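S.K.: Chains as they are written, first to last, in the working numbering: chain A, 811 to 1163; chain B, 811 to 1163; chain C, 811 to 1163; chain D, 811 to 1163.
Please note: incorrect hints may appear among the correct ones.
Same chains, same names: a pair is fine if it fits in one copy or spans any two.
Here are the simulated lysine-lysine pairs, BS3-like style, with alpha carbons at most 27 Å apart [said to hold, decoys possible]: (1) K871 <-> K1150; (2) K965 <-> K896; (3) K833 <-> K1149; (4) K1112 <-> K1156; (5) K825 <-> K885; (6) K833 <-> K1005; (7) K966 <-> K1012; (8) K847 <-> K828; (9) K880 <-> K846; (10) K930 <-> K1148; (11) K833 <-> K847; (12) K871 <-> K1012; (13) K833 <-> K846; (14) K1148 <-> K1112.
Treat the hints as calculated values from the structure; they're not laboratory data.
Predicted model, so just to flag it, every value in this text is computed and none were measured.
There are 4 protein chains.
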Amino acid sequence: MIIVLNDRISTDEVKNVKDYIIKTGARIHESEGTEKKILGVIGDKRDLDQMALEAFPGVEKVIRILEPYKLTSRKFHPRNTIIKVKDVSIGDLEPVLIAGPCSVETEEQITDIAREMSEKGVKILRGGVFKPRSSPYSFQGMGEVGAKWISEAAKKYNLAVISEVMEISDIDTLYDYVDIFQIGARSMQNFKLLKAIGKTDKPIFLKRGISATLNEFLMSAEYILSEGNEQVMLCERGIRTFVEFTRNTFDLNIVPMIKNVSHLPIIIDPSHATGRTDLIIPVSLGGLAAGADGLMVEVHPKPYEAFSDGNQSLNYDQMNDLLDAWEVIRESVLKLRKKKIEEIEKNVSDYAG
Amino acid sequence: MIIVLNDRISTDEVKNVKDYIIKTGARIHESEGTEKKILGVIGDKRDLDQMALEAFPGVEKVIRILEPYKLTSRKFHPRNTIIKVKDVSIGDLEPVLIAGPCSVETEEQITDIAREMSEKGVKILRGGVFKPRSSPYSFQGMGEVGAKWISEAAKKYNLAVISEVMEISDIDTLYDYVDIFQIGARSMQNFKLLKAIGKTDKPIFLKRGISATLNEFLMSAEYILSEGNEQVMLCERGIRTFVEFTRNTFDLNIVPMIKNVSHLPIIIDPSHATGRTDLIIPVSLGGLAAGADGLMVEVHPKPYEAFSDGNQSLNYDQMNDLLDAWEVIRESVLKLRKKKIEEIEKNVSDYAG
Amino acid sequence: MIIVLNDRISTDEVKNVKDYIIKTGARIHESEGTEKKILGVIGDKRDLDQMALEAFPGVEKVIRILEPYKLTSRKFHPRNTIIKVKDVSIGDLEPVLIAGPCSVETEEQITDIAREMSEKGVKILRGGVFKPRSSPYSFQGMGEVGAKWISEAAKKYNLAVISEVMEISDIDTLYDYVDIFQIGARSMQNFKLLKAIGKTDKPIFLKRGISATLNEFLMSAEYILSEGNEQVMLCERGIRTFVEFTRNTFDLNIVPMIKNVSHLPIIIDPSHATGRTDLIIPVSLGGLAAGADGLMVEVHPKPYEAFSDGNQSLNYDQMNDLLDAWEVIRESVLKLRKKKIEEIEKNVSDYAG
Amino acid sequence: MIIVLNDRISTDEVKNVKDYIIKTGARIHESEGTEKKILGVIGDKRDLDQMALEAFPGVEKVIRILEPYKLTSRKFHPRNTIIKVKDVSIGDLEPVLIAGPCSVETEEQITDIAREMSEKGVKILRGGVFKPRSSPYSFQGMGEVGAKWISEAAKKYNLAVISEVMEISDIDTLYDYVDIFQIGARSMQNFKLLKAIGKTDKPIFLKRGISATLNEFLMSAEYILSEGNEQVMLCERGIRTFVEFTRNTFDLNIVPMIKNVSHLPIIIDPSHATGRTDLIIPVSLGGLAAGADGLMVEVHPKPYEAFSDGNQSLNYDQMNDLLDAWEVIRESVLKLRKKKIEEIEKNVSDYAG
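Only chain A is shown next, with the shape it has when bound in the complex:
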């Protein structure tokens, strides 16, 4: 940590700051520039609060050098984390396909989608039963009965199930029905929920908050890992910007960035990241070519009758088009992924050696 002192700081004020730091067990390295004096703090614990120091009279700015995350860092865990769900490996060579409706609506709807998706080679079925909706007057999800329907439909077609929990009590309600718990974008900083889900033994699908920075995103994952659950996959689903032609702005940059700094898998959600069916296919291809470990796509037999998110759901024909396009580039993307994994292995052994 670097502390930049105000050029009008008094001797007493400098002493105060230094005493405070030394009391925490850290060491200080002083350095005087032509215009500013700075204090380098060495051996500071990660939880030494950067903000408080700026409140000292005479301190101009505090700059953190270390990234705040630890368990989610690739430094801590150099190889990719691979998460096994039924017979799927997430984070491994082959990108994973997750598809299904925004909401579970009826037993028939989810069963039909399950059948169709399994025929298309999808391995994980999505479907919300607790729905976070901006309006109290909108459809709020089918609740536990919906969970039962999706669970049975998935069993019939040998699919794994992912569904969202909105609050702590939903964990118990959904536990027997789902294989992966989803934490939605609006809950990314529901820290009590993160801690609770971190105590479970199921994989977690953590969506990036609509205006989350990289550090905030990884720190939310860190909440889960620090409770003992290391099966966390991240999801980029678009961020909120000034841009008007899409529901959200897909931040492609974060896909390779996560691969650089963290060992956790990163999945993309082109449905939310665009909000428009006409962009889902090219954005999916772009994300996979840039290194994403999988796709989560909303699919519905009749999007215009969907209870939610119809305008960003593919119909079955469009889903075929997506899979056809993916098939065109799949082999070459796998080649790129294989090379990347080899580089990681080389780095690990170089560093170990």
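With chain A held as given, fit chains B, C and D onto it using these hints.
M.R.: Showing chains B, C and D alone in chain A's frame:
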């Protein structure tokens, strides 16, 4: 609702859309422009999902005309809502001052602040005991014992208490200790929490999410009102933008905008909206002059020792400076507020007459 | 255009609005909903100012139905625009590679880069000689002598040259030295420059402004086309958002969106869109897989000695890595592009038929 | 400047970085933490390019300690800059009122507005004759004849004139007609225009770019000052964010921030900062109470007939309302301003002493 049709839409596709709308009980008003055909939907229920219609083949765009909120709208409730907490009236002529530490830390700390604030004329004491922190390694709040301390300190100095609930079970935990429940920015779209808090009989202080639009903000209030609790005050605490010199960007525009479209009080939080003590006083004055119904400010005897948010907490001397500055403009601001209330009354009687 | 009237509008006020519209030659289609009255304006000219109408007493909102751009629209020009520069076709099947230093620094530097790029198969050499720099104390470019150097270097290795004009007089200065004029992000709304460049006969490379919407971007292209120059290629180079880990946020969504609504080629600039060399390769691949018509990349033999943008410039080895990775997916991307072109042809003939 | 080294940097790579820095004449202060090694660079010139250093192999991050601006800094010039235009002092105790139409339209229009504004106590008349418009099909301004009209109208009513220059040749065209040159938001980083205008002897009104950071804004002012023209006033006119209910988001925080770090006057433009007449008055009051040195407001006798910006222009009655409201708080705002000026004086003499 206006539905803009694609210029290549087929006759069958037009029929599909129209049949669907008519089935919901709404009427259609067709209109053919030189380049586009549009359908005006009349008598549509507020919950007719705008998104789904865009999924119809041939539909280009759907435009909502009605604002989505109802109970929070000034049209529905033309006079200002005034919320009574002990002997304070929030939303009335006199702006309210809420102050206190970010976190309750020790019994001595909160008691000292309570004493100091009561001497300064503050009527409501803030202090968090459940703290939403980005890092799992940061101080997470004192929990119920902290609630007990702040409740006793407030009683001693005849202050009301406001504190944050992070999840549903916190409501019961805090119920006997606080006078106002705060919903933090990160929980603004924790809809299950909003519903639960809407069933209580205590006033609610709802903070705007860090990237919430006006409609989203009011719809979150609508969740609470629609459960029966009408004592909701809103809080602008800054939004996330590209701007680098402050923690958040204070959106002053929303203060008069809320007064225009809603009857609910709007309080500003200059501590979070700036993140810098050197900006709190001028921003407070600006917000009050623009019509805010009150201030919530973080205060700490020794900000540099605060467990959280020290860098945006005023010390006692700075709090004095704020109150002195406010005193300079208070009378003239009250004159402006009085005139505004008279205008509302005139509007109400004009419209009624 | 749709005009939503305030529910308290008087009969006289309605008349005023209608008279005003009729005077412009447009027709009105009235429609009364349960809560709002709306006026549909038919046959409005594109330049009927939407803003002014909102200033009429009693008008609540004005909603434009038509997109504001015309010459840049795919409706107006259904097939892709293909721009020929020397023996390169931009906007055609094969994506184009543009590479070179941020700034032309010395004759040796640009000649060495030209040689290296030509060996690597690059066809267009970039290099700025007028540099828009945030600081007046930073290197401002070599000016005309730099243009001479890059022109000669390019000639020697049979490359085309692209370089930026910052103001009108730069057009004449650079005319004989460059094959493509670049309009930088900061000049995207320098409308007098757009008009002037629209009168030239050279292809234009128009970069998206750092916070330009889709409509603004296309309207800036419209400025150039409306002056008679139809050889415009667009460039997505990242937008400004709250995101902290990259210099800009690459908006991948706009790549397929531009292909949908416009006939102009869209190139991506992963150097500016990330600001980090470690992200350039994956983002390049992602953009190309999503349909971009080419790449513009900053390359420098010794990035750490570059006069500008060193931190986002690839060195020669990294440029090799980029080309190797592109080679892996190139064939499959060409297949996707070919299919897309066939779809466009089919659409054109369907519509014509 | 602080250079954070990668924990895998080799000894040779460290040497390279150090040699490079020493060659520039700066000194190095090394410091080894428990996880990172950092180099403190002392005596670095302001133009040592931070970006390039990040391109060195083994360098993780470069952090600048010094702010990039110098001539615009309050450290360099502790007292407020006061700019005299005719008999008005901008940046002094009394905030300045600038008003007029968005565009000069006809001789009658501008003369009528000049008369009305002078009666209301306004001292500076605004009116654009070169208009930067998003669409090539929109009204582009009256050009020089409009400048003649506004100049004569102003003379008749003893007002000063401010009008915008869009490119270098506009400076000569407008020179004899205007008292203050405006640089619009879209031109804030038109660096060649900034340099040219910096060579004139007239005051400059520099608007913040729609997505300009504080540093970028001040560095654009620095361009002008570094050419010798010190009469620069800054203008906050709203920034682009995700917020949907206003045209721009007014960044109130920057008003007191500019007063802290710079000596230049800061004016607010509530017309552009809101885009809605119903918010102009409260936002104006808020800005003035927070320390703004003046207002620029768009006024038009019939906003709905304005050639541009009608929806954010006050009519004469609304302008009266604004002035009445300002009169209510004016005395108390002057008291606050007086105290602020005294504090500055005290700081200056303390530091000098």
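S.K.: Determine for every hint whether it applies to the structure shown.
M.R.: We went through each hint and held it up to the structure:
In this assembly of identical chains, K871 and K1150 lie within 27 Å of each other by CA distance solely across copies; the values are 24 Å between and 39 Å within a copy. Taking CA atoms no more than 27 Å apart as the test, K965 paired with K896 passes inside one copy only; the shortest distance there is 11 Å, against 57 Å between copies. Taking CA atoms no more than 27 Å apart as the test, K833 paired with K1149 passes in neither setting, with 49 Å inside one copy and 39 Å between copies. Taking identical chains as interchangeable, the C-alpha atoms of K1112 and K1156 lie at most 27 Å apart only when they sit on different chains, with a minimum of 26 Å there against 48 Å within one chain.
In the homo-oligomer, the alpha carbons of K825 and K885 lie at most 27 Å apart only across protomers (24 Å), although the nearest pairing inside one protomer, at 36 Å, exceeds that limit. Taking CA atoms no more than 27 Å apart as the test, K833 paired with K1005 passes in neither setting, with 31 Å inside one copy and 46 Å between copies. Taking identical chains as interchangeable, the C-alpha atoms of K966 and K1012 lie at most 27 Å apart only when both belong to the same chain, with a minimum of 21 Å there against 48 Å between chains. In the homo-oligomer, the alpha carbons of K847 and K828 lie at most 27 Å apart both inside one protomer (13 Å) and across protomers (21 Å), since each shortest distance falls under that limit.
In this assembly of identical chains, the alpha carbons of K880 and K846 lie at most 27 Å apart only when taken from different copies (15 Å versus 32 Å within one copy). Proximity of K930 to K1148 under the C-alpha cut-off of 27 Å is found in both arrangements, the shortest distances being 24 Å within a copy and 24 Å between copies. Taking identical chains as interchangeable, the C-alpha atoms of K833 and K847 lie at most 27 Å apart whether they share a chain (21 Å) or sit on different chains (23 Å). Taking CA atoms no more than 27 Å apart as the test, K871 paired with K1012 passes in neither setting, with 42 Å inside one copy and 37 Å between copies.
For the homomeric pair K833 and K846, the shortest alpha-carbon distances inside one copy (24 Å) and between copies (22 Å) are both at most 27 Å. Taking CA atoms no more than 27 Å apart as the test, K1148 paired with K1112 passes in neither setting, with 38 Å inside one copy and 30 Å between copies.
Checked against the numbered hints listed earlier, the structure breaks hints 3, 6, 12 and 14; every other hint is satisfied.
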